[in-house]
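Trainee: Chain residues, written in single-letter form:
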Amino acid sequence: MASAYDRHLLLAITVCLLAACASHPRPYGTPTPAIDMSTTAPNPDPRVGLRAGLMNAGEAAWNLRVLSQTPPSEKFAGVTNSDLAFTGHYVIQGNYNGYQVWDITDPSRPVLKTAYLCPASQSDVSVYKNLLFVSGEGLGGRIDCSTEGVKDTVSKVRLRGIRVFDISDITTPKYIGNVQTCRGSHTHTVVVDPKDTANAYVYISGSAPVRSPNELPGCVGVMPDQDSTTALFRIEVIKVPLAHPEQAAIVSSPRIFANLVAPPRHGPASADIAELAAAKAKGAFTATFPWGEEFVLPSRFVDRMLDSVVQARQGTGAPTAADSAALRAAIPVMIARMTAQRQGSNPNGPPPGPTQCHDITVYPAVGLAGGACEGYGMLLDIRDPAHPVRLDAASDSNFSYWHSATLNNDGTKLLFSDEWGGGGGPKCRATDPREWGADAIFTIADGKLHFQSYYKLPAPQTPQENCVAHNGSLIPIPGRDVMVQAWYQGGISVFDWTDAAHPREIAFFDRGPVDSTQMVGAGSWSAYWYNGVIVSSEIARGLDIFALQPSGFLSQNEIDAAKSVHFDEFNTQGQLRFVWPSTFALARAYVDQLERSHGLGPDRILAVRQALTSAERASVAGRQSALTQLAVQLEGDASGSSEATRVNTLAKTLRDLAAAAL
Amino acid sequence: MSLSPVARARADSARHPYTAADVSFMYHMIGHHAQAIVMAGWADSHRASPSVRTLAARIINAQRDEIAFMQQWLRNRLQPVPGETGMDMAMPMSGSHGDTLMPGMLTEAQMHQLDQARSADFDRSFLTFMIQHHHGAVVMVQNLFATYGAAQDEIVFKLASDINVDQTTEIARMERMLLTLQIQGAL
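Top to bottom, those sequences are chains A and B. Every letter in the first sequence is one number past the one before it in numbering that gives the first Met the number 0, and letter 644, counting from 1, is 643. Every letter in the second sequence is one number past the one before it in numbering that gives the first Met the number 0, and letter 143, counting from 1, is 142.
Be aware that one or more of the hints could be misleading.
[What the hints assert, rightly or not] Not the full set, but computed from the structure, chain A residues with beta-carbon under 10 Å of chain B:
no. : residue
1   : 136
2   : 138
3   : 151
4   : 216
5   : 223
6   : 226
7   : 418
[To be verified] Distance ranges between label pairs, derived from CB positions:
no. : chain 1 : residue 1 : chain 2 : residue 2 : range
8   : A       : 596       : B       : 141       : 25 to 31 Å
9   : A       : 174       : B       : 141       : 28 to 34 Å
10  : B       : 43        : A       : 331       : 34 to 40 Å
11  : A       : 254       : B       : 107       : 39 to 45 Å
12  : B       : 46        : A       : 517       : 33 to 39 Å
13  : B       : 138       : A       : 555       : 56 to 62 Å
14  : B       : 141       : A       : 254       : 47 to 53 Å
15  : A       : 335       : B       : 141       : 30 to 36 Å
16  : A       : 335       : B       : 46        : 46 to 52 Å
17  : B       : 115       : A       : 462       : 52 to 58 Å
18  : A       : 36        : B       : 46        : 51 to 57 Å
19  : A       : 227       : B       : 131       : 24 to 30 Å
20  : B       : 131       : A       : 462       : 27 to 33 Å
Because the hints were derived from the structure by calculation, they are not lab data. The C-beta atom is built at its ideal place from N, Cα and C for all residues, glycine as well.
With the sequences and hints as input, model every part of the structure.
Mentor: Okay, here's the thing in structure tokens:
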């Protein structure tokens, strides 16, 4: 018979098992936090006040579970880890000293396969089939990959551009060539033209100054009016013949910024737009700045100008409709003249466009790309990959530096991040504005960008933590736009931007600062979803891998559906379309979403779930008829639902499942 | 595995030791930034427009953080560290600049002119002078990169590159703001 003591012990163990108590005395239990099904964020936020430390910092996790934390190998320790690329069951992690290849077949135990020493910042990495591309921008990168740097200001051994490796055997990469560019390669983007299977294309973005023409002939870093061949105000497109990748070379340098006319702010809050519309409705005179922003002319100016028009025709009295029409026609001419005067008075000033892009994210399946280009976010048409064309550009007085872009899976939304301060500054303090160093979310309609909202890491960070919006990727939750994003020492944040005007955080992971006394650069450079897990490149601490946990915001069925999407290789800047195989998990994920959004009533939700359970258990023939019958019922439900599209998508999934049952 | 700041600095620089040019760049950029912060600090008291006040607030935030970063870099390498005002110019190797102003720095007369301006006049002067000031910072980065052995240290290269792109981007923004003022002023 158990004693009272034994019963207490048993109870404690049972509670621990249910709540998944970890043996680690950490404040918010990594690695095995309790499942939290609530729909409110933890309060107070456990990311505030975490203990400092390089490898022993305090940690906070919400709706994420740490699978592994792996420090860098010897040659890479203490040197910045950068971006990630994925191929098969490998993750390639860039580092300012080269790159490491990890086998993540078991994500709780990554195995180092290759540690390739070849210094160059930033070592941005991308894969395409058997090829690996690595960016080099810093002044110390060498063609021969040796580590002594390049002290000469002009040198034939300096590498600034793209290195190309053959990774047919990923344990022994072969360095097969490189392409030198004038500004080096800060980042790059691999683009595959569905119509051109013989080549791959690589867009080069370089943000460092242009190098000497004595080092690389043809490099000119002046304004276009001084030399039309300038390396500024363009991107470079490299063509890689797949049969002979060593012959990769620059094929075009499109000037996608030419004649840029975008507003100085996406600005116009809806109140401003309404005000302008109301003024115009009352017949106000407006003018338009060269970058497309319309504004109301002051009435005293209009009165003065109308008087002049009346005088000019030697008339008297009130201005006529013809006088008004004449003034309206004259206004754009006046604005153009003033613009020319301003530009003429400053011939050496830069044209009002950016000189380069920081990063370009392409989505070939929809023929679009998002360009994050200094003071602008751009929407590009890339149906001809060698010749991208600008469709629209947005600017924003809250955005310091347009850094990267992510399209949603439908290609109807575009999210830009602002790397205010370059990633080395602590821009997530409680005193930093929420609109600065954030993401800006746009919808895309008729080839134009429409601002909706900002998203910024909700937890304030210390002055010892560099923190700003950085690299992230979509998570293939069906029917929703969910993304994971790195915020340097702000950690990683998973958020839902299905409602573009109201993005919301649904999971996070964070560590305390490296050092409590001063800022030491660290944190997550990139956090990407790949084949069922979230992989994060921690600048100072190595490779982190996480699993999504079900929560009040995300069901296990939705996670299972996300895990059913598989890629053979993945570069985040080259978006691939998610296509979900028809599975019971996918159907149940849609049912969970309809329950959450009240798109179907509770009794229907219950009935559909019961029908799915019995269909799954049924024989092949029984399953097919049960699923078809359920699909027919749901198609009937759709018209009465506030979520008709989702109900029909569910019905379509069931019909596909029924067909697959045969 | 936790290194002291000085030990970490040594480790950072073991591969590509920093040079006198790197130290000089960090040292002088603190003074350069300090003047921008003084200029931007006048936006409220000199009745700048809301858009110029936003720009000024951003400049103060960004350049103050960069000053702290550069001070720490110098401190960790046991180099002389100017204060946040940048006015402590007791720099053993300041001969590279001597009595001449750093590129883009406002003269005393220009600072006085800006300090006297109010409202739209302040906006116009501020933008004009800040464009000049930012162009100077870009020139300082170009000079650094054109110096033997400089910016091999990844921290120096990254900071200098960030200053280059951030200020180039801000120059373009200020050019647009100036044009807006010009058009509105003519109405």
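Trainee: All hints are to be evaluated individually against the structure, with a verdict given for each.
Mentor: Status of the hints after comparison with the structure:
1. 136: holds (8 Å)
2. 138: Holds: closest Cβ of chain B sits about 5 Å from residue 138 of chain A, inside 10 Å.
3. 151: holds (7 Å)
4. 216: Hint violated; residue 216 of chain A Cβ to chain B Cβ min 18 Å, cut 10 Å.
5. 223: violated (14 Å)
6. 226: It is violated, given that the least Cβ distance between residue 226 of chain A and chain B is near 16 Å, above 10 Å.
7. 418: holds (9 Å)
8. A/596 with B/141: 25 to 31 Å: Violated, since residue 596 of chain A and residue 141 of chain B (Cβ atoms, about 55 Å apart) do not stay within the stated range.
9. A/174 with B/141: 28 to 34 Å: holds (31 Å)
10. B/43 with A/331: 34 to 40 Å: holds (36 Å)
11. A/254 with B/107: 39 to 45 Å: holds (42 Å)
12. B/46 with A/517: 33 to 39 Å: Given a distance of about 38 Å, which is inside 33 to 39 Å, the answer is holds.
13. B/138 with A/555: 56 to 62 Å: holds (58 Å)
14. B/141 with A/254: 47 to 53 Å: violated (22 Å)
15. A/335 with B/141: 30 to 36 Å: Holds, at about 34 Å.
16. A/335 with B/46: 46 to 52 Å: Hint violated: Cβ distance 31 Å, outside 46 to 52 Å.
17. B/115 with A/462: 52 to 58 Å: Since the Cβ atoms of residue 115 of chain B and residue 462 of chain A sit about 35 Å apart, the hinted range of 52 to 58 Å is violated.
18. A/36 with B/46: 51 to 57 Å: This hint holds: roughly 54 Å between Cβ atoms.
19. A/227 with B/131: 24 to 30 Å: holds (26 Å)
20. B/131 with A/462: 27 to 33 Å: holds (31 Å)
When each numbered hint is compared with the structure, violations occur for hints 4, 5, 6, 8, 14, 16 and 17.
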